[in-house]
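Undergrad: Taking my numbering, the leading residue of the sequence shown gets 1, the next gets one more, and so forth.
In case anyone wonders, no lab produced these hints; they're calculated from the structure.
Among the hints, a few may not be true.
To be verified - Here are the simulated distance ranges between beta carbons: (1) Lys52 x Asn128: 44 to 52 angstroms; (2) Val160 x Thr327: 35 to 43 angstroms; (3) Val75 x Lys52: 16 to 24 angstroms; (4) Asn128 x Glu189: 53 to 61 angstroms; (5) Cys328 x Ser150: 32 to 40 angstroms; (6) Gln153 x Leu115: 40 to 48 angstroms; (7) Ala360 x Ser212: 20 to 28 angstroms; (8) Thr327 x Ala112: 20 to 28 angstroms; (9) Arg83 x Lys341: 27 to 35 angstroms; (10) Pro62 x Gly377: 25 to 33 angstroms; (11) Cys328 x Glu420: 15 to 23 angstroms; (12) His77 x Cys328: 40 to 48 angstroms; (13) Lys52 x Cys328: 45 to 53 angstroms.
All figures in this text were calculated on a predicted structure; none of them were measured in a lab.
Just so you know, even glycine gets a beta-carbon here, dropped at the ideal spot from N, CA and C.
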Amino acid sequence: MRTHTWTLYKEITNMERTSSIRRKAMGRQHKAEVMIAGEQLRLRLHDGKQIKERRYHLRTYPNCFVAQELIDWLVSHKEAPDRATAVCLMQHLMDHDIVHHACDKRSVFKDAKLLYRFRKDDGTIPFNLEVKIFMRGQRLYEHLIGEKNSFLQLREEHGVAYQRAFPGCQLIDWLLQNGEAESRRRGVELCRALQEHGIIQHVANKHDFFDSGVLYQFCINFRRRRRLSELLNEGEEDNDTEGVVVSTQEDNHSDSPFVVRKNPPHEGNSAFNSVGSSTDLKLATSGRRGSLNSLQLHSAGFPPLAQLSSASVVRCNPKSVLARHVTCEELLAPGAPFIKKVLTVIGDPLGWGFVVRGRAPCYVQAVDPGSPAAAAGVKVQQFVCQVNGQCVLDLDYRTMTRLVMTGPRTVVLEVMEPLE
Numbered sequence: 001m002r003t004h005t006w007t008l009y010k011e012i013t014n015m016e017r018t019s020s021i022r023r024k025a026m027g028r029q030h031k032a033e034v035m036i037a038g039e040q041l042r043l044r045l046h047d048g049k050q051i052k053e054r055r056y057h058l059r060t061y062p063n064c065f066v067a068q069e070l071i072d073w074l075v076s077h078k079e080a081p082d083r084a085t086a087v088c089l090m091q092h093l094m095d096h097d098i099v100h101h102a103c104d105k106r107s108v109f110k111d112a113k114l115l116y117r118f119r120k121d122d123g124t125i126p127f128n129l130e131v132k133i134f135m136r137g138q139r140l141y142e143h144l145i146g147e148k149n150s151f152l153q154l155r156e157e158h159g160v161a162y163q164r165a166f167p168g169c170q171l172i173d174w175l176l177q178n179g180e181a182e183s184r185r186r187g188v189e190l191c192r193a194l195q196e197h198g199i200i201q202h203v204a205n206k207h208d209f210f211d212s213g214v215l216y217q218f219c220i221n222f223r224r225r226r227r228l229s230e231l232l233n234e235g236e237e238d239n240d241t242e243g244v245v246v247s248t249q250e251d252n253h254s255d256s257p258f259v260v261r262k263n264p265p266h267e268g269n270s271a272f273n274s275v276g277s278s279t280d281l282k283l284a285t286s287g288r289r290g291s292l293n294s295l296q297l298h299s300a301g302f303p304p305l306a307q308l309s310s311a312s313v314v315r316c317n318p319k320s321v322l323a324r325h326v327t328c329e330e331l332l333a334p335g336a337p338f339i340k341k342v343l344t345v346i347g348d349p350l351g352w353g354f355v356v357r358g359r360a361p362c363y364v365q366a367v368d369p370g371s372p373a374a375a376a377g378v379k380v381q382q383f384v385c386q387v388n389g390q391c392v393l394d395l396d397y398r399t400m401t402r403l404v405m406t407g408p409r410t411v412v413l414e415v416m417e418p419l420e
């Protein structure tokens, strides 16, 4: 009798633990969906010139939008049925630190002639662990799905088809081959962090991540176009979490939601439209790079998405930290006001933690305060001369990004730092 009672107690405890983990993962997945939808909206507003430099009381505010004008835009583009709903949607983005008042004097989104700004546009995103893990998962997803013979495939297990599925050991192999993990143990740690944050899961949602042939899948399709109204309806959809069927073509669409087209989409094909037929993929749980285009903050924070864009693509990034462009000749001229430094950045499971931009030469745009880069002495406005002994003065930041990402976890940088 005691044995039976103890067994029953352990089963109940395990069920409660599993339920708690799932609730946390669902909450984190919702946060991820909010971040994706917010970024899609930001890029579309940039493309439509809704976000621009504004003047108020003789002061200039870069990369801002007027709340009242944005509400007009959301309603006219049928992203919200009425102004009250549009305000609720924007408040949801404020609550998740996607947008904020330009002077941070208001915590409530008002349908008025007030200036607001996306945190991505002024570099004020709170890069906590949750955000970094999300960004890392998004970047990995884009790399994997963008490969010619990607192992993220439609796979079957026990007669059920799972989209974007992969064996755990195959992902670990890929992480090692691409310098994303320095050992299999580190790779497993990273994958378990992704699982804990609702980015990947066991296909039947029964097991933790293991370096084995067990099937897992990406829970989030980062490329699917979101409707803003999904943010308010998602709570109702969380109850429908069982079963998986074959997905639509949109799951494999070549367009990333983090790419802005020069030509705005037709009204009948909104950038937020998603397929709503009965053949949509249902994930087994509820229901990824910032557009800085560089060695983004903390591998988790940003490093590069697969370069899916073409010549017809334009990206909207925060303003350069440089007052003016500095040429390589100026940088290397005798007596130039720069000091040479050699910095060794040892990446952690989340990455390195700095942003580069520009070309010939590249420069440091931002540094995550708690990252390995910050600890090594990487600073904003430093110019990168060499990476692991290779001269990069004539490269652009995309090429330099690939050089770092395909190299070892330990990165040796030779930089030129402006004299104060």
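Undergrad: Please go over all the hints and tell whether each is borne out by the structure.
TA: For each hint, the structure was consulted:
Checking the proposed 44 to 52 angstroms range against Lys52 and Asn128 shows it is violated: the Cβ atoms sit about 30 angstroms from each other. Hint check: Val160 to Thr327, Cβ distance near 59 angstroms, so the stated range 35 to 43 angstroms is violated. Remark: the range hint 16 to 24 angstroms for Val75 to Lys52 is upheld by a beta-carbon distance near 20 angstroms. For Asn128 paired with Glu189, a C-beta distance near 18 angstroms fails the hint of 53 to 61 angstroms.
The beta-carbon spacing between Cys328 and Ser150, approximately 38 angstroms, falls within the hinted interval of 32 to 40 angstroms. Distance hint check for Gln153 and Leu115: the Cβ-Cβ separation is about 46 angstroms, which falls inside the suggested range of 40 to 48 angstroms. For the pair Ala360 and Ser212, the supplied restraint of 20 to 28 angstroms is violated, since their beta-carbon distance comes to about 46 angstroms. A beta carbon spacing of about 46 angstroms between Thr327 and Ala112 contradicts the range 20 to 28 angstroms that was offered as a hint.
Roughly 54 angstroms separates the CB atoms of Arg83 and Lys341, a value that falls outside the hinted 27 to 35 angstroms. At about 29 angstroms, the CB distance of Pro62 to Gly377 agrees with the hint of 25 to 33 angstroms. For Cys328 paired with Glu420, a C-beta distance near 22 angstroms keeps the hint of 15 to 23 angstroms intact. The hinted range of 40 to 48 angstroms is satisfied by His77 and Cys328, whose Cβ atoms lie roughly 45 angstroms apart.
Between Lys52 and Cys328 the C-beta distance comes to about 32 angstroms, which lies outside the given range of 45 to 53 angstroms.
When each numbered hint is compared with the structure, violations occur for hints 1, 2, 4, 7, 8, 9 and 13.
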